[in-house]
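Protein sequences, first through last, are from chains A and B. Just add 20 to wherever you are in the first sequence, counting from 1, and you've got the numbering used here. Just add 275 to wherever you are in the second sequence, counting from 1, and you've got the numbering used here.
To be clear, the hints were calculated from the coordinates, so they are not data collected in a lab. Just to be clear, a hint being listed does not mean it is correct.
Distance condition first, Cα-Cα at most 30 angstroms in a straight line; then the derived DSSO-like pairs of lysine-lysine [stated by the list, open to error]:
hint : chain 1 : residue 1 : chain 2 : residue 2
1    : B       : Lys380    : B       : Lys475
2    : B       : Lys407    : A       : Lys32
3    : A       : Lys116    : B       : Lys450
4    : B       : Lys450    : A       : Lys204
5    : A       : Lys181    : B       : Lys283
6    : B       : Lys281    : A       : Lys116
7    : A       : Lys116    : A       : Lys32
8    : B       : Lys283    : A       : Lys116
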Amino acid sequence: MDGRRLEENFFKGLMILSSLVIFFSLVLILADILIKGLPAMNWAMITQSPKGGFYMGKQGGVLNAIVGSSVLAGGATVISFLLSLPVVLYLNVYLKRNSRFGAFIRFSLDVLWGIPSIVYGAFGFTLMLMFGLQASLLAGIIAVSLLIFPIMSRAMDEVVKMVPVELLETSYSLGATRLESGLKVVLRQALPGILTSVLIAFGRGIGDAASVIFTAGFSDYISFSLFRPVATLPLAIFYQLGTPFPEVQNRAYASSLILTMIIVLISVVTRVITRRFRGYIVK
Amino acid sequence: MNRLLKDKLAGKSMMVLTGLSGLLLFVMIAALYAKSRPILALKPISQLLLGTSWGPSRGEFGFLPFIAGTLWVTGAAVIIAVPLCLLTSIYLSEYCPRWLKEWAKPPIDLLAGIPSVVYGVWGVVVVVPIIKDRIGPWFGSFTTGYSVLAGGIVLAIMIFPVIIHISLEVLSAVKFETREVSLALGATKWQTVKFVVLRKALPGILAAVVLGLSRAFGETMAVLMVTGNVARLPRSVFDPAYTLPALIANNYGEMLSIPLYDSALLLASLILLLVTLVFNILSQLVLSRLERRTV
Chain A
21 MDGRRLEENF FKGLMILSSL VIFFSLVLIL ADILIKGLPA MNWAMITQSP
71 KGGFYMGKQG GVLNAIVGSS VLAGGATVIS FLLSLPVVLY LNVYLKRNSR
121 FGAFIRFSLD VLWGIPSIVY GAFGFTLMLM FGLQASLLAG IIAVSLLIFP
171 IMSRAMDEVV KMVPVELLET SYSLGATRLE SGLKVVLRQA LPGILTSVLI
221 AFGRGIGDAA SVIFTAGFSD YISFSLFRPV ATLPLAIFYQ LGTPFPEVQN
271 RAYASSLILT MIIVLISVVT RVITRRFRGY IVK
Chain B
276 MNRLLKDKLA GKSMMVLTGL SGLLLFVMIA ALYAKSRPIL ALKPISQLLL
326 GTSWGPSRGE FGFLPFIAGT LWVTGAAVII AVPLCLLTSI YLSEYCPRWL
376 KEWAKPPIDL LAGIPSVVYG VWGVVVVVPI IKDRIGPWFG SFTTGYSVLA
426 GGIVLAIMIF PVIIHISLEV LSAVKFETRE VSLALGATKW QTVKFVVLRK
476 ALPGILAAVV LGLSRAFGET MAVLMVTGNV ARLPRSVFDP AYTLPALIAN
526 NYGEMLSIPL YDSALLLASL ILLLVTLVFN ILSQLVLSRL ERRTV
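Chain B on its own, in the form it takes in the complex (with noise of 0.2 angstroms):
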């Protein structure tokens, strides 16, 4: 009996860890929301958001070219990293031979684990300078090297194991089937992988880049260290730009001495974190739909 009590015990009170631990969502967007209130019953939401002039101390709270700087910054790196991945995902999973893809996993795991820090250390002192010396001049624009397209390349060789590791499972879940029936009515393997292939996998690839797109937008200390942080709206992608997270994690040490400061920094926060949700909520749905289906 004592042991069918203890089975019983241990399921109540792990159902209720496994309970707690689906609200920590919610917990989040709560109290970042109750931090974020004083601003909010201050001014309107789109003077926030669409307001220009960033002034803590004169209290202008205009997050418009913080929204504006990740928006570039993330579409630069999405544009760079989506290409490459795709050509390397059908590179791996439907031409080159099996010891390959297998050699090719650890490879891209390490790249994953290597942490921001390091990557905004490598683009400080090889991407900038490039930029600065070859890359803008080449262009005809004078650029301190600073700037989005900086943040874009090391972004895009940090969101590469994301995009190519999920691309690389949705492209393995097409049945064999549907490639052997395109290849015997005589189709070539590209016009396979371009017709039969790659519109079944679609969805998924379309949610592997969303997912990549969403690490991209909150992703901090690389971007932090490379795009220059000048609360500007970006003109080119020489120009600097200041990015949301790069807001919040450089005044937190100001921040609780100005009046409302505070307050505004966690609304960049709960924007970071609602944006996010919304991107990774709809990638999901997709792949686990792809994944019930295959199943």
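With the rest of the complex left out, here is chain A (with noise of 0.2 angstroms):
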């Protein structure tokens, strides 16, 4: 009798210990960034672009890279939303619940989802090659577009899905087409979820690296121009870090600390919206 008791504390102690592990891991790298990035941040940073080059610059900041992985990410997202809303809005409305293409193009995107973004950046690069494009934003936004397609649709899908179908055969009995029902209940319904599927694959375009390594190259100067190179925050912190400069590793400190709030904001956000919204739901 004694010795199960001993082993449901045995493991009870580990589980509660190995949660605390995960947890800390978490709090112990969000306070080493900030407390690595703090002493390194000054106005310069997110205000400037960098002088002297990213490699030498001890001065300036990184304010080409936060503009262009705004505007590298944000095309990325628009594009994969007008591809993601059809594909969503066609496996939901107009096929059936139970049809062999629609569950094989969610297979597919699940596949997707998973596959390496460095796998994305090199098949970029030879699309890039193909069509006779240099390393320019352009390029950069097709990788990433590619990139965060599949998460984007399979999340919208997911809260789509959750929309019940009693709601759409209301709008059916009205006389409303399979268009029209998709348009203005479906998505309305689903709205919310929509808004944070967005902005999760907008927070997974911003922070990746290595699908844009090839495909935007890198640029000192602000350049909204599409055919032009473009500085991106992530490999603005991976060339600072490799300066042998200790002034320019500090950069990379607080270009560490201005991604992650970034994507801490993002992620905020998206609980506010998730529990605002949540009232104009029928239900």
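Assembly of the complex is requested from the two constituent chains, each provided in isolation within its own frame, with the hints serving as guidance.
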């Protein structure tokens, strides 16, 4: 009898211990980034472009990378949304619930989700060569939108799937077509979830380095041209940390802090949206 | 009539888009294969995969050090992550109060959202020095800290959310009645977990582990920053390693100036794609079967 209780307590202790280890690894990462990043933070970091190049530059900031990353991830999010929306509507409104084709598409999107981002980078690079493009904002947007398309569409799909069938049937019985019901009823009902999916995909896009390393290149200047290389925040961090100068390495910590803050902000906004809009949903 | 026509047209064009998205995977495989043909035509695949010398300028493309490096780092990550994640998932799903379970989800999501470069920075600043100054000397081996172990630790933390998230879903899909039957027969909670819940959830948990493994396998930036990148077969966890994704990311600059180099690197991405593809297909099959059973 006592042996069983001993075993129970032993494993329970082990479980609590490992939960704490996992929880504290998150706390530790955030704390370390904060401790290392805060002393190197200043206004210039977020309001100026680097002076003297990213490699040697000890002055100025990473505004070029912040703007570049936002434009790149923003563009990719828009493209990926324009692709995801029709796919998700087709899967959930036009197809029958147990359609084979739908199951295949969902399966292949799930599999695409698991493909490493460096592979999207390499694929984007081959596309780039095929179309004779240079490393540029456009090539970066293409690679990142391919990367976040499966994430966004599957996340949206899960939300749209939750819309009750009765709602759709009510809309049909009033004489609405599938397109009208899809756009005006289903989408409105799933709007908060769709917003969160878009934000999650944007967050993934802004933080990814491996897919843009070949395709977007790097630049010390702010540029909005689709055909010029563009700086991204993750790559700026990578290059800054790779220099032998401690001053520049410190800037990498500050840049990591900025990137982490952006991600935390996105995560908070996502939560607020889900909580805030819960009341507006017909259930 | 106009509305019906619009409905039909929209339906058709959406179908085309959906079909295209299903083709994307095949297009990627085909494009990478086409680009790696030149090197596959010149060298037998066994020589490429099992060759140990890497010298693109001499025309030597042996991928074995990189494949071994990837396996070492991924293995280390999985060994560290799996016990911790399993115990945590069981605790969150079976033992802890409901409010704690709800509170635990946002931090796990946040952990999943942190970009890999930030993990890399953290690895360089925290993990590498600890291995160099504490763990390495403790085991009596000299190490720079940039090692398989550093990569394993950083990767383990990165795959925590993947494994925990899916394991929690799998565990919650085990019917409550099954647990009640076991408890009613006089089993303790841990016995119930061990003999009933885990046995039921095993395929799903395996799928979760394989998905985590596949994530670790393809992870690039964080690993690139902490493993030292030396193209040699690692002999211990304190040796540096060079992984396939790191190889691709590190050499994009020079690959167009040396013949066959670009082909070799795109072959490396094809290998990555195919391996993660197999892992993902297997685990998704298991998971979708589980889902169908519980619905």
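Results for each hint:
At roughly 23 angstroms between alpha-carbon atoms, B:Lys380 and B:Lys475 fall within 30 angstroms of each other, so this suggested pair holds. A hinted pair counts as satisfied when its Cα atoms are at most 30 angstroms apart, and B:Lys407 with A:Lys32 does not qualify at roughly 33 angstroms. For the suggested pair A:Lys116 and B:Lys450, the alpha carbons sit about 28 angstroms apart, so the restraint of at most 30 angstroms is met. Restraint check: the Cα-Cα separation between B:Lys450 and A:Lys204 comes to about 37 angstroms, which exceeds 30 angstroms; the hinted pair is violated.
At roughly 22 angstroms between alpha-carbon atoms, A:Lys181 and B:Lys283 fall within 30 angstroms of each other, so this suggested pair holds. Annotation: proposed proximity of B:Lys281 to A:Lys116 holds, straight-line Cα distance about 20 angstroms (limit 30 angstroms). Restraint check for A:Lys116 and A:Lys32: the C-alpha separation of about 46 angstroms exceeds 30 angstroms, so the hint is violated. Of the pairs offered as hints, the one joining B:Lys283 and A:Lys116 holds, with about 16 angstroms between alpha carbons and a cut-off of 30 angstroms not exceeded.
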